[in-house]
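As they're listed, the protein sequences go chains U and S.
Counting from 1 along the first sequence, just add 24 to a position and that's the residue number in the working numbering.
Counting from 1 along the second sequence, just add 236 to a position and that's the residue number in the working numbering.
Hints in this document: simulated from the structure, not taken from any laboratory.
Beta carbons are placed, not taken as given, at the ideal position from N, Cα and C, and that holds for glycine.
Fair warning: there could be bad hints in the mix.
Here are the computed distance ranges between Cβ atoms for each label pair [stated by the list, open to error]:
#1 U:Q47 x S:E371: 48 to 58 angstroms
#2 U:M25 x S:H316: 29 to 39 angstroms
#3 U:N43 x S:A533: 55 to 65 angstroms
#4 U:S111 x S:A360: 43 to 53 angstroms
#5 U:N43 x S:L478: 52 to 62 angstroms
#6 S:E448 x U:G92: 20 to 30 angstroms
#7 S:E359 x U:E37: 20 to 30 angstroms
#8 U:N43 x S:G411: 46 to 56 angstroms
#9 S:Y299 x U:V77: 25 to 35 angstroms
#10 S:E359 x U:Q47: 25 to 35 angstroms
#11 S:E273 x U:V45: 50 to 60 angstroms
Some chain S residues judged to face chain U by a derived CB distance under 7 angstroms, without partners named [to be verified]:
#12 R305
#13 D306
#14 R384
#15 H441
#16 W452
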Amino acid sequence: MPLVLARGELYREKRFGPNTVNQGAALFECEWDGGRFEAGLFTGGIFRSGEFVGGIFLGGTFCGTWVGGIWEGGFDRSGIYRSRGDSPSAP
Amino acid sequence: MQRLLIASPHRYPDLARLWHRIVTRELVPAFARLPLEVDVNIFCDANADQFHPNLFPGVRFSYSGPGMRDFMEFYDRTLHAQCDFLLFLDADTFLLNGNWASSYFEAFDNPNVAAVSFVPRREAPAIFALLCRAESFRALPAPALACRYEFPANWPHGINLQPGEFATRELIKSGKIIVNIAGDESSRNAANFRGTTGFRSSREHTTQAAGERVFWQSVGEYPAYLIAAYDNVLLGCLYESLYHEPFAPDQAGRPLGGSLTVADLRQVLKGVRDPNQLVLLRERFELSQQYILRMAAQEGVELSIPFVLSD
């Protein structure tokens, strides 16, 4: 059974593995490693792996697979800042 | 004549009006007397349609677009504007003594001086109010001023360089000098309400992505949010006394509804039980009160500051 995070939930400084689906929770300074981010907010922290398909990414480091969502700003895997509307997977 | 560009990214026109009021009263004339040709540039990082040019005489506006999608790209793009010197001045930072600020311009007589930092971050140079010799910063690899993360895979132990910190480090390594005004002197001449813009935008983003309830939870978890919310209350006092309009309204026009209303802030503060945190909040609130009262005195207005924290 996957761990499903729902809208209305807030997590701070937690780690989530590949068996996680976010359907609307807010993650502050968390570590995401695998799993599927469908909706919600990822702010601060590191998105090590997994798919980001929806929601808002703001201010963290992104090393996963960017499928879609709103990129408000943050760092790519090299630590370079990518501006609003950019894609962190772009060269 | 050499040219100085005073530049700042803004999201909210109300805060920008306060910023513009003090820039045009204190900084523009003081630097013009040196003499310098002084221009003012505001980057509308959001809400561009609410920045009415008639409220900002003498300002050139820039807007989000290709090559300047957000405030971070604005910094680096602006380095290449037609000017010899740049004063980056944050939206929530106010230099209250133009003669004091302009007196530091003579530091540039030394060709090795690349910048003067008027408002430090933990006693180190910061971009909050940074007077730059443009050619020194243009010589750095781009992006020179954007924030960056070194050793990101080592999170949370990587190095998160704030805007301007990479440039400062590289300039110092190459033998340049950044004149760093110490905190005490800075506090006597400047007011910094750091995080007030960030808190308002955080409310927008968190509510949009995860709902109002999560925003309220986050407020309780981050003391910095409470400080920013209080600072917005103070800025609102000054703004409303000068312009008779609500500051930081929500979509319904409720004053401070885009930050925390006074009633909401009181309610959240009632839940703070940690005595150490209360001491910290009280100290920080008092510092901000000193700033806003000094600004009010300069304007010749008296403020009625609401009480938010019980004894």
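Each hint tested on the structure:
1. About 51 angstroms separates the C-beta atoms of U:Q47 and S:E371, a value consistent with the hinted range of 48 to 58 angstroms.
2. Checked against the given bound of 29 to 39 angstroms, the beta carbons of U:M25 and S:H316, roughly 55 angstroms apart, lie outside it.
3. For the pair U:N43 and S:A533, the supplied restraint of 55 to 65 angstroms holds, since their beta-carbon distance comes to about 60 angstroms.
4. The supplied range of 43 to 53 angstroms is broken by U:S111 and S:A360, whose beta-carbon atoms lie about 33 angstroms from each other.
5. The beta-carbon spacing between U:N43 and S:L478, approximately 55 angstroms, falls within the hinted interval of 52 to 62 angstroms.
6. Our hint of 20 to 30 angstroms for S:E448 and U:G92 holds, since their Cβ atoms are close to 24 angstroms apart.
7. Taken as a hint, the range 20 to 30 angstroms holds for the pair S:E359 and U:E37, whose Cβ atoms sit roughly 28 angstroms apart.
8. The given range of 46 to 56 angstroms is respected by U:N43 and S:G411, whose C-beta atoms sit roughly 53 angstroms from each other.
9. Distance hint check: the CB atoms of S:Y299 and U:V77 are about 30 angstroms apart, consistent with the given range 25 to 35 angstroms.
10. Against the hinted window of 25 to 35 angstroms, the Cβ-Cβ separation of S:E359 and U:Q47 comes to about 44 angstroms, which falls outside the hint.
11. Between S:E273 and U:V45 the Cβ separation comes to about 58 angstroms, which falls inside the hinted range of 50 to 60 angstroms.
12. Checking S:R305 against chain U by beta carbon gives a least distance of about 4 angstroms; that is within 7 angstroms, so the hint holds.
13. Taken as an interface hint, S:D306 checks out: its beta carbon lies about 4 angstroms from the nearest beta carbon of chain U, inside 7 angstroms.
14. For the restraint placing S:R384 at the interface with chain U, the shortest Cβ-Cβ distance is roughly 5 angstroms, inside the 7 angstroms limit, so the hint holds.
15. The closest approach between the C-beta of S:H441 and any C-beta of chain U is roughly 6 angstroms, which is under the 7 angstroms cut-off, so the hint is satisfied.
16. A hinted interface residue such as S:W452 counts as satisfied when its beta carbon comes closer than 7 angstroms to some beta carbon of chain U; here the least separation is about 9 angstroms, so the hint is violated.
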